[in-house]
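Once you have looked at the hints, place chain B on chain A.
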Amino acid sequence: MISPAAGARFAPGDDVQVRDVEKEGHVRTPDYTKGKPGWIAEILGTFPNPESLANGGAGLPEKPLYKVGFRQTDLWGGYEGSPEDILFVDIYEHWLQPREHGEEEKQP
Amino acid sequence: MSENGHDHKHEEPRHDRSRWAARIRAVEELLVEKGVFTKEEVKAQVEYMEARTYENGARLVARAWVDPAFKKRLLSDTRAAAAELGIDASGPTEFVTVENTDEVHNVIVCTLCSCYPRAILGRPPDWYKSFAYRSRVVVEPREVLREFGLELPEDKPIAVHDSSADLRYLVLPQRPEGTEGMVEDELAALVTRDSLIGTDVPRTARETSRV
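The listed protein sequences correspond, in order, to chains A and B. Taking numbering that gives the first Met the number 0, I'd label the letters of the first sequence as residues 0 to 107. Taking numbering that gives the first Met the number 0, I'd label the letters of the second sequence as residues 0 to 210.
So that you can see chain B by itself, here it is in the shape it has in the complex:
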């Protein structure tokens, strides 16, 4: 046992964040000076990313729960389905939605870096990029999910998707029981950011209070 009580090393705290920020600013200025891109383009890209949040994913999921034909389109062509809801996911990367069912629970990771469906969900949470999550969820997914507060039955198969190439994955979680009377907006409010990655599942208020 190591000093943190289990058998893996934790990342060092980031004391040098400002040093890296300064370095990035220096590289950015150099690239602008060399004419690779303009300051306006950098600003536009920041705004593009800031405008995207996991709520886009929540809207896709809620629509899929109430509209089986939409769900079919979401699973076969995520980008086109997103466009139907006014979410622009155009660009060089492909997007794939994987469906949680009674037979399988899906979890997304990028072990090589931090690939994430940013054009739809915005920036990934910090933990998604952490060495601990990336290295552990492929080896011991059930244990990692338990640490997130998600206890899956021992016999429920887990499919981990390591998205390290040209495709970006998001999870279509299962609709919680007891939500039959809810309208689309109410359903979307149940969809958490982490449930789109697979480290959580949507819960009703009653289930949440039980946890």
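So here's chain A without its partners, still in its complex pose:
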């Protein structure tokens, strides 16, 4: 059973954008989602931060994790499948920002 995330910044239905930044080390945000617009499909709970765990850290503070939906046509130029095709990726909160035009947030 997935537990609710206390203090989650985003709610299901929110429009978000994946931060388009480079970060060294063990990052679980796939490159192909960076900078892409999506929406919060679900809040999945809070989990230890894998970027810390991979370096022997405790993964604290834990990060809210979201199931983020993307339209395939937004991810890939020239996508040939149905415009209804979607892709879901589980993304930690510090890799997400509200979808606003021309606004870039700082590196996670």
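Read the hints as simulated data drawn from the structure, not as lab findings. A virtual CB, placed ideally from N, CA and C, is assigned to each residue, including glycine. A few of these clues could be false.
[As the list claims (entries may be wrong)] Now the in silico label distances, taken between C-beta atoms and shown as ranges:
1. 83/B to 60/A: 28 to 38 angstroms
2. 47/B to 57/A: 19 to 29 angstroms
3. 180/B to 72/A: 35 to 45 angstroms
4. 12/A to 36/B: 41 to 51 angstroms
5. 60/A to 20/B: 36 to 46 angstroms
6. 131/B to 19/A: 24 to 34 angstroms
7. 60/A to 183/B: 43 to 53 angstroms
8. 57/A to 34/B: 15 to 25 angstroms
Frame of chain A, contents of chain B only:
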């Protein structure tokens, strides 16, 4: 066009498998020597993994097909539903079952490595870990499914789940037509390993002979 007839590079054949195996054995011995874990723990972990196969998933699916209340529990709390059938999926990872419907066909991948619901289904097939599958199914899912022999209608929406964080996904396929008279064990026998990943769908014997 490249030499393999399409526009992506295939993985090199693994000539060096034994070299990697030797390296893993060396690392294992070192970790045992340093007291990080014992040989018995390694053996227990291997046995744990060997004891799990996709047949666990087939049992979950067949039960969900015959028991709507179980299906509801499977979709809302996969780990607890698995425990009901004696499948121990306890541990730090969460499990989520996604349902195929007339409106959507689900496919699972882990583009970053090989995340898979191992505690339930055991080890993933080799192709699931291949660079070709991981890189292509997110970009051209319909084409990849076609290569698996699964032809979906052009207008059937596909949802690809890239499971690269703390959740592991399995697919609840649709029950094939013409199986109304079947009992649970017969239904479970229709559920293939690949249908739990979404690269196949369960078929009746009659449908299989047509393919």
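To see whether the hints hold, each was checked on the structure:
1. 83/B to 60/A: 28 to 38 angstroms: Given range 28 to 38 angstroms: holds, Cβ gap about 34 angstroms.
2. 47/B to 57/A: 19 to 29 angstroms: Since residue 47/B and residue 57/A have Cβ atoms about 26 angstroms apart, the given range 19 to 29 angstroms holds.
3. 180/B to 72/A: 35 to 45 angstroms: About 43 angstroms separates the Cβ atoms of residue 180/B and residue 72/A, which means 35 to 45 angstroms holds.
4. 12/A to 36/B: 41 to 51 angstroms: Given about 45 angstroms between the Cβ atoms, the range holds.
5. 60/A to 20/B: 36 to 46 angstroms: With a Cβ separation near 39 angstroms, residue 60/A and residue 20/B satisfy 36 to 46 angstroms, so the hint holds.
6. 131/B to 19/A: 24 to 34 angstroms: holds (27 angstroms)
7. 60/A to 183/B: 43 to 53 angstroms: With a Cβ separation near 45 angstroms, residue 60/A and residue 183/B satisfy 43 to 53 angstroms, so the hint holds.
8. 57/A to 34/B: 15 to 25 angstroms: Holds: the Cβ-Cβ distance is about 21 angstroms, inside 15 to 25 angstroms.
Checked against the numbered hints above, the structure violates none of them.
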